[in-house]
Amino acid sequence: MDFSTIRNLISRYCTGEDNWVDNRTVYIAHKEPPPGAEAYIPQRYPDNRIVSSKYTFWNFIPKNLFEQFRRIANFYFLIIFLVQLIIDTPTSPITSGLPLFFVITVTAIKQGYEDWLRHKADNSINQCPVLVVQHGKVIRKQSRNLRVGDVVLVKEDETFPCDLVLLSSSREDGTCFVTTASLDGESSHKTYYAVQDTKAFSTEEDMDTLQATIECEQPQPDLYKFVGRINIYLNRDEPIARPLGSENLLLRGATLKNTEHIYAVAIYTGMETKMALNYQSKSQKRSAVEKSMNAYLIVYLCILISKALINTALKYAWQANPDRDEPWYNHKTDGERQRHVLIRAFTDFLAFMVLFNYIIPVSMYVTVEMQKFLGSYFIMWDDDMFDEELGERAQVNTSDLNEELGQVEYVFTDKTGTLTENNMEFIECCVDGHVYVPHAVCNGQVMPGAVGMDMIDSSPGPEGKESEELFFRALCLCHTVQVKEAETVDGIKQGLHQGKATSFYISSSPDEVALVEGMKRLGFTYLRLKDNHMEILNREDEIERFQLLDVLTFDSVRRRMSVIVRSSTGENYLFCKGADSSIFPGSFWQEIIIIRLVVEGLRTLCVAYRKLSPAQYEEACHLLNGAKLALQDRDKKLAEAYDLVEKDLILLGATAVEDRLQDKAADTIESLHKAGMKVWVLTGDKMETAAATCYASKLFRRSTLILELTTKRTEEQSLHDVLFDLSRTVLRQQGGMTRDSLSGLSGDCQDYGLIIDGATLSAVLKPSQDDSSSGNYKEIFLEICRNCSAVLCCRMAPLQKAQIVKMIKASKEHPITLAIGDGANDVSMILEAHVGIGIMGKEGRQAARNSDYAIPKFKHLKKMLLVHGHYYYIRISELVQYFFYKNVCFIFPQFLYQFFCGFSQQPLYDTAYLTLYNISFTSLPILLYSLIEQHINMDILKKDPSLYRDIAKNSLLRWPIFIYWTFLGLFDAVVFFFGAYFLFDNTTFTSNGQMFGNWTFGTLVFTVLVFTVTLKLALDTHYWTWINHFVIWGSLLFYVIFSLLWGGIIWPFLNYQRMYYVFMQMLSSGPAWLSIILLITVSLLPDVVKKVLCRALWPTTTERIQNADKLYKGQLSEFTPMASLHAPRNKRAEPHNLNPRRSEPFTKKLMFTQWRRKPNYCTFTPLIRFAGSSRLSRAGYAYNGAGPETSV
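The sequence shown begins at 380 in our numbering and counts up one residue at a time.
Each hint should be verified, as a subset may be incorrect.
Straight line, CA to CA, 20 Å or less: simulated DMTMM-like cross-link-like pairs of lysine to aspartate or glutamate [to be verified]:
(1) K1016 to D1042
(2) K990 to E845
(3) K1015 to E921
FRET-style restraints, in silico, Cβ to Cβ [what the hints assert, rightly or not]:
(4) D763 to R1039: 17 to 27 Å
(5) W1403 to N673: 27 to 37 Å
(6) I466 to I1406: 41 to 51 Å
Simulated from the structure, these hints should not be mistaken for lab results.
Note that the Cβ used here is the ideal one computed from N, Cα and C, for glycine as well.
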């Protein structure tokens, strides 16, 4: 019997891992376990190579060609080109092959260059040197050669090469500090812990003696979850088993900080690391306009096939009469005449296909590619999107999506570093109703920060001073802040004061650093943690020492953290800080202060304490140690122990910290809402922090009813009940009507905001196998989200962000999505969305490199969408419709001509005209239009975001508009052909007595065609510059000059001279001049009449503004209110927004107090009553209701 198997099972169940189905065993340093232990089974794992590229040297050409010919247009033109090569057709193969080769080559070069850059980035990472411990020595390896089980030495400021389990650290307590900005967007320092039994192995020689195995779960993408166990063999029969959690796992991409070095074992490598599993592969994105183009192409392809079939059938019906056989001038041989009728019919069908092939605009795809490529430079050259601080401009990484910027319906944004500056600042704190503002009063002098505050002298009594100082001490002690000497970060020397090196604070939470620095400005300075004693410098410059007994760490369920300390007098204190709801229901003054701080968009924390008697401390110590040593349900037991210890708390006060928003972030979000877009915030941060930012950025408003779908709520109720409760809540007032057609700012109905966390989202998206009725959670969740004006998703893993975007993309409306972020944790979301935008922030350039567009700041998103996106959609929609229109005008007369030439495939136009019509005569005007047209002034688009809605949901490329353009083209083609036919029905003579022939007739039709389609574009142009005039009139002049030269000279390289003197002969006829002018007028008249009537009777908002802009002679954006130009709406007036901005502070009454020698802090009592009336003054919002006030 194999006792090792039984021992393994017993060990596994004893450590609480009774659900292990799929796991891996890692042998540290590849050492076999000692004899008698479980069997040594070496396993194969991938190497540490990272691959983000799409092609290799060998598969680039076939793979790229396959991808390009998946596009309908490219495949169609390839077929036509092959047909022209195989059979005798009326036109040359060059007319189809050359444009196709140009498009394929340019696209391949662009995609190949982009992939070469990815190869280059991969090689720089894979060849990075890594230090590995082998046989008691440190050797250097390339990162790609790292294997699972290798012991790695990582030094300070180095990035972890793979996912590692921490074994030991240069710090005595076995901890290390890490920044994970590239993973979850948080640049703060996090603390990780070595296993207690391995932290003593602190040298290479010690590591060589370590014999242990690690059993852990297989790779999975959740950054915040890791389950494992380490078995350590210390010269005994049974190994010591210790649990491993996420606090022991160091993730690839994170950076070691404030720790000299660590030893860790590689656990997941290469594409199995959590960072790689969260990486979304880059796929080719297609815009909505391109999808419309493909749909129109299919319609026109059907029309083309129908034309060819009709002509083929009519040809053989015509030739059924023996007198109407194949004409002698077609030069058909006897063999060709005697072939089977089906073969001849099929050959004729293909010939007609080639003859009418020009109805499919091959040049449109070339023009679209050029428009997108050249148009991207206008974004990069925009001075309004240049950031002087960074010295960066907007970048365009993918020019294929310019028009998609004008179709966005959902915006998914990161929070930290995207909406905020990722820079916490202590604003104020409150003790017993007195508010303290650092540096408002310093040494008896009023500082600039006190502008707009009324000064009141006040001195609290001895009890007030005692509680105040206890509050300051609590904030100096209740944290996990580390003190470090000056270091260089990004080329900037931190911790320098007047040229001398000083210390500065680092922590896993930037809030803690802000609070400790705030206390420093108020007179209490945290110095260091030394020998397990925390030292602070009080206001009298005396050092106070407190022994740190225990730390009750923060978690998102409790929403608080605590420390137990012992003062120099032997008293034990428990200091606790956390969300106001997690401490306990507060007093009246606390509620007033918290309400005001939240309205101002500040992050609030309450501070409380409890004195512990020796007996109480012993009991708390016993509870905590028992929970920490538990191997089963450790998190649950710790939470129960924390709840038992953190009770009977006495409230001391509250603090307010601000994560300052980026400049104009709130204005940008407000503009996006007015433009009809829904904004979702997806962040890895905790709920309270993210919610405060949402209030500050005006994503959530004071009137917004917040709905929570969080772990805390689903623990109290089942997920099924919570979802149906929320669904009933949002649908009760809406009456089942979704908000998709409504603005997020509408005052007609209650605004709802939804908050959901990552764990609950996983449960919502996870398909249910037990109960089929509960498997529809996703649809219910989507219905709730549709009825919310804003959604906040917190504690999101990077892959979850991408799943959210994918879920919205796949919903029944199929909306266009945009994702914006600044860190590597946002890359998956950016790649998944229809449009991905990276911000050049403080957390590296991974997001900017992987995005479609990169901008310096979040505020630049406003112009990117409302101006550039609007313009490019208008331009390219006109380009697409115009190309189909002018090609219908071009080829339909050719179709009609077949009825008058015996279906002999005789071209109506000369070969030169066939080739140059789309390349030269009509290409430049529409290309220029698609680059510089501005149908509305740029300032108006920025001032009135609601104009963005006029182009939403691909409104300019819908089927009714497409059908209108097509019928307009058919009408014009009929006018060209039959107008010329009936005007010259009787044989017309020129001045020298010659008659008009078929080439003169075709040239006349072609001349009217070129002038009509060019003037049609001129009528559609609103923004005229000298270059428009030059190109439009220059194109017409070029056509005339070319025709004169083409028919005025005998060209030696041509084997025919059928166009000789044709154009001059036509122009020498007076009736021809009259016909050209008359036919052009008749062709353009219906479109002009339709536009005049629509503008007069049913003007759109855009047309109203265009008319008003002409009336005000281009000064509309400065003098005219936008609301007066919109169509009247029967909507209730919006309630006045009472949310004051941080730039418009409350008027506060300031009290300053003289304490002994150094009065470097201040207090004031705010006069706050939200029930009272309010009026807006120049200083900000002044609240005039009665309130608690201190007498002078």
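Checked hints:
1. K1016 to D1042: 45 Å, violated
2. K990 to E845: This hinted pair holds, its Cα atoms lying about 15 Å apart.
3. K1015 to E921: 42 Å, violated
4. D763 to R1039: 17 to 27 Å: 22 Å, holds
5. W1403 to N673: 27 to 37 Å: Roughly 33 Å apart at Cβ, these two residues keep to the hinted range, so it holds.
6. I466 to I1406: 41 to 51 Å: 44 Å, holds
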